[in-house]
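Generate the whole structure from the sequences, applying the supplied hints.
From first to last, the protein sequence lines are chains V and L.
Residue 53 in numbering that gives the first Met the number 0 sits at position 54 of the first sequence, with consecutive numbering throughout.
Residue 660 in numbering that gives the first Met the number 0 sits at position 661 of the second sequence, with consecutive numbering throughout.
Just so you know, these hints were derived from the structure itself, not from any lab.
Among the hints, a few may not be true.
[As the list claims (entries may be wrong)] No farther apart than 27 Å at their CA atoms in a straight line, the calculated lysine-lysine pairs in the DSSO-like style are these: (1) L/Lys-33 <-> L/Lys-125; (2) V/Lys-201 <-> L/Lys-367; (3) L/Lys-124 <-> L/Lys-74; (4) L/Lys-74 <-> V/Lys-63.
[To be verified] If the Cβ cut is set under 10 Å, some of the chain V residues that face chain L in the computed set are: (5) Arg-10; (6) Asp-14; (7) Leu-16; (8) Met-33; (9) Gln-34; (10) Gly-36; (11) Val-37; (12) His-50; (13) Gln-53; (14) Phe-56; (15) Met-58; (16) Arg-60; (17) Val-84; (18) Arg-85; (19) Arg-169; (20) Pro-172.
Just so you know, even glycine gets a beta-carbon here, dropped at the ideal spot from N, CA and C.
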Amino acid sequence: MSAHNSQAVERYRNDFLREVEERVEEGQWVKMCMQCGVCAGSCPFGPHWQHSPQKLFMMIRAGKRQEVLSSDSMWMCTSCYNCVVRCPRQLPITHIMHGLASYAHRLGLAPKSQPTREFATMFWNNLAKKGRVNELKLTLALYFKDGLVSGIKTALGMQSIGLGMVKAKRLNPMEILGGHGLKDLKGFHAIIAKAREIEDKKKGLVS
Amino acid sequence: MSEMKTAAYICAGCGIGDKLDVAQMEKVAQKEGKMALVRRHDFLCSPEGVALIKGDIENEGVSHVVIAACSRRAKTEAFDFPTVAMSRANLREGVIWIVAEGAEHDEVRQEMAEDYLRMGCAELKKMKLPAGNPNKADNKTILVVGGGMAGMTAALEAAETGYQVVLVEKTGELGGWAAKLWKRVPFRQPYREAQETGVAELAARVGAHPNIKIHLNSVIASTSGAPGRFNVELAQESGATTTLTAGAIIQATGASNYDIARLPELGGGLANVVDQAGLEALAKAANGQPIKRADGREVKSVVFVQCAGQRDEGGAHLSYCSGHCCATSIKQAMYFKDANPAVDTVVMYTDLRVPGMGEDFYRSAQEKGVIFTKGRASGVTAAGDVCKVNFRDLILDEEVSLDADLVVLATGQVPNSGVNIDLADDDPAKAQQVSILNLNYRQGKDLPQLTHGLTDSHFICFPYETRRTGIYAAGPVRRPMDLLQATEDATGAALKAIQAVENANIGRAAHPRVGDLSYPMVRLEGCTQCKRCTVECPFGAIDEDERRFPVFNESRCRRCGTCMGACPVRVISFENYSVDTVGNQIKAVDIPDEFSEKPRILLLACENDAYPALDMAGLAHHTYSAFVRAIPVRCLGSVNTIWITDALNSGYDGVMMMGCKHGENYQCHFVKGSELATYRMSKIDDTLKQLGLEVERVASYEVAITDNARVAALINDYAAKIVEIGMSPMKGFG
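Following this line, the structure appears as structure tokens:
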């Protein structure tokens, strides 16, 4: 259990709804759900995830903290915004799903090998390093995430596409050596650090 | 109008002249209809046509008029001659619009039109111009029974309109249920916060109004009479009695809470389980401060269990939804949140129903942090100092429980409607019921009930009407409702009561034949005291005297003619509607012989729904069999079986009857008319067998006003059926 998590448990005890309202992006909307189920019925991923938004909101109200934060359901959201368009109470459901996912991630409760989470982490780390996405490194990291053998297999399978992109100058093999970045890298890192500081303060994650 | 002078006017407009041989029809009116005057006009409803008729009435002394043109439901403003008796032959909607096009149908079309003309002439000869009920009654005082929100509103509305009002209240003060509330569900913009009830102000206005006289601690010991002349005896708690007269009565006796003691499984009887009234008492005691339980402990968590003892499919409790309880629980949850936002408030519901602008109020409660849990409570038990609510979470589909300092059960409304007069006298349930109106009517002491003890009224079409003319029900006694709806109800009932006293004052009928001047007349010397009329009258208008003869209270009568249909010796009639007016029409139809392949089907159609549906079938040009002869009747309840036997005896091949839907969701304007007709017709099979006829020769149908395509189809199917079973063997004997 992460320090952030123990601190949150200590602070909110049984009142998970209040924790969500105060700490999750757009979490103040959860209480406004009227349980009509239109979001669950509208979601193209409906049958493929365990907890629909409707259920997640109900679980939050019922205080099922562990179950909600360790659920992989909100990670399945593809941001199609169908639910937001249809919600009769105008809840920003997509944003709440991302808010919940992000909060669970910060507390270290999100499911470890959830592919969306893994890729998102990879993407962020790649981007945060230079302020630009290094596509070659990101692709290779994705190919080799499950080990050397499967990495080589995937890379060989994608070989013709990769070579085609190099020919068309859509992919620079030299990027492997570090790649391009922002001019003021130091300034960029300072911005990111400040942003995180503000967010942590807002979410009460500063210990 | 001593001498009868008849006149027939045949219109040739709207295509009637093109499709029919009008000259031939003039001959029919003259020779067969024996009309003293026969005129044809190409546009009868034009000012010139109307002037022609008016001129004849004034100059020629015409007293009886047949108008052979469009349906009796059309052009009523043009053909409005209040000084003469009038019948209408329906040539447009009834003939030219519904008989199939083409020369091959010319013969049957002409026959149909001539028959309708003959029928109009025959009916006319038996009609009189209604002179109006001589038993007028002029008391215009309005008696309001019940001093709650609905009663006070009705009293005030009637008094403000200028009528004298007497308000009777059983308890020692006005206010009823509303006076027990701390606050009420909002009824004004922005519908976000509970509002002051305003009961004290309303009671003060009622008390100070010069037109309102209040009797507290009083109940009604007896009620007799009719609209315009009700005699009411009040019994005070002290034992004193007061007698008064009233023109109309509004019963606003409200509802009681369903008894919480009958819900032991939901904790009814436990110290910390209350109903909504119990919570209002706690809130009143707290006076805006945090609410405390009976033991003095401040409530930190509360669960509201919705539908407690309501919407019960098992039959043990109320089967209906009381409508107001969801909004009431939302309001009560706000009591807690407003005094202390940290209180856990859970409203446990299966379907949250907040009619009116309640959705805004619901949203406001959510914003305040009231938790709404979709779940079904299975049990409430005491667990130490708190209550444990076991329930099934209907979203997460699991059995769970919640602890709460206090549990509020949203029990429903049980109407205070007095005695269920439909129960048998030896029913033990009846012995426990206390009458409210103590009517000395032959049919029972209180207003008839439809279901669940709610007074009978058509809750969509005629909400305040009851089955006792001049007595109107308002508020939750007639259907479960909240304060706002009760207020609107009371206003409506007050207006209906005013209408009733005014109509009684000039001897006219009340709803639904408002303004009808005809009234039932009885030839008592022919009466056999069989009591069918007194038993069957849907409105309890007929009492019995000491010799068991019927006593008609015309002001209580709605003019449906159910008594006329019931009477086996046919001594009851109206001046313009009687066994003879219809019987004569039936006999006037020309019946072709057995080998003509032209059957004749009599269609008795309720004038409220079925006849308009037939007219609309014409309007929509649905074709139907030209062998049918339709006669509008006031209600199927007024159909006397003699018409059926006469028709079959005189050679009709079949009789169709079209009336309104009956049963719990009835649409009959006279409540029981179509039901009684169906019951009577169920007995006609024996008669048919005696006559040696097939039972299919009499058929009845439930028809709605929107069924225009269906009535045409029904007629065509029935005509095909008649072809199948063959022509009647009775032709030529009649």
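Each hint tested on the structure:
1. For a cut-off of 27 Å, the pair hint linking L/Lys-33 to L/Lys-125 stands: about 13 Å separates their Cα positions.
2. For the hint linking V/Lys-201 to L/Lys-367, the alpha-carbon distance of about 22 Å falls within 27 Å, and the restraint holds.
3. As the CA atoms of L/Lys-124 and L/Lys-74 are separated by approximately 23 Å, the hinted pair is consistent with the 27 Å bound.
4. A C-alpha spacing of about 71 Å is found between L/Lys-74 and V/Lys-63, which places the hinted pair above 27 Å, so the restraint is violated.
5. Against a cut-off of 10 Å between C-beta atoms, the interface hint on V/Arg-10 is violated, since the closest Cβ of chain L lies about 15 Å away.
6. At about 9 Å, the closest approach between the beta carbon of V/Asp-14 and any beta carbon in chain L falls short of 10 Å, and the interface hint on this residue holds.
7. Evaluation of the V/Leu-16 hint against chain L yields a held restraint, the C-beta minimum of about 7 Å falling below 10 Å.
8. Against a cut-off of 10 Å between C-beta atoms, the interface hint on V/Met-33 holds, since the closest Cβ of chain L lies about 7 Å away.
9. The restraint placing V/Gln-34 at the interface with chain L holds, with a minimum CB-CB distance near 5 Å, inside the 10 Å limit.
10. Annotation: V/Gly-36 was flagged as interfacial toward chain L, and the flag holds, the nearest CB pair being 8 Å apart, inside 10 Å.
11. Given the 10 Å rule on beta carbons, the hint for V/Val-37 is violated: about 13 Å separates it from the nearest Cβ of chain L.
12. Among the interface hints, the one on V/His-50 holds; its C-beta lies about 9 Å from the nearest C-beta in chain L, closer than the 10 Å criterion.
13. For the restraint placing V/Gln-53 at the interface with chain L, the shortest Cβ-Cβ distance is roughly 7 Å, inside the 10 Å limit, so the hint holds.
14. For V/Phe-56, the interface hint holds, the least distance from its beta-carbon to any beta-carbon of chain L being 9 Å, beneath 10 Å.
15. Hint status for V/Met-58: holds, given a least beta-carbon distance of 6 Å to chain L, under 10 Å.
16. Restraint check, V/Arg-60 versus chain L: the minimum CB separation of about 5 Å is within 10 Å; hint holds.
17. Interface hint at V/Val-84: violated, since its Cβ lies 19 Å from the closest Cβ of chain L, which is beyond the 10 Å cut-off.
18. Interface restraint check for V/Arg-85: the shortest CB-CB distance to chain L comes to about 17 Å, outside 10 Å, so the restraint is violated.
19. Checking V/Arg-169 against chain L: minimum C-beta separation of about 48 Å lies over 10 Å; hint violated.
20. For V/Pro-172, the suggested interface contact is broken, since its CB lies about 52 Å from the closest CB of chain L, more than 10 Å.
Hints 4, 5, 11, 17, 18, 19, 20 from the list above are not met by this structure, while the remaining hints are.
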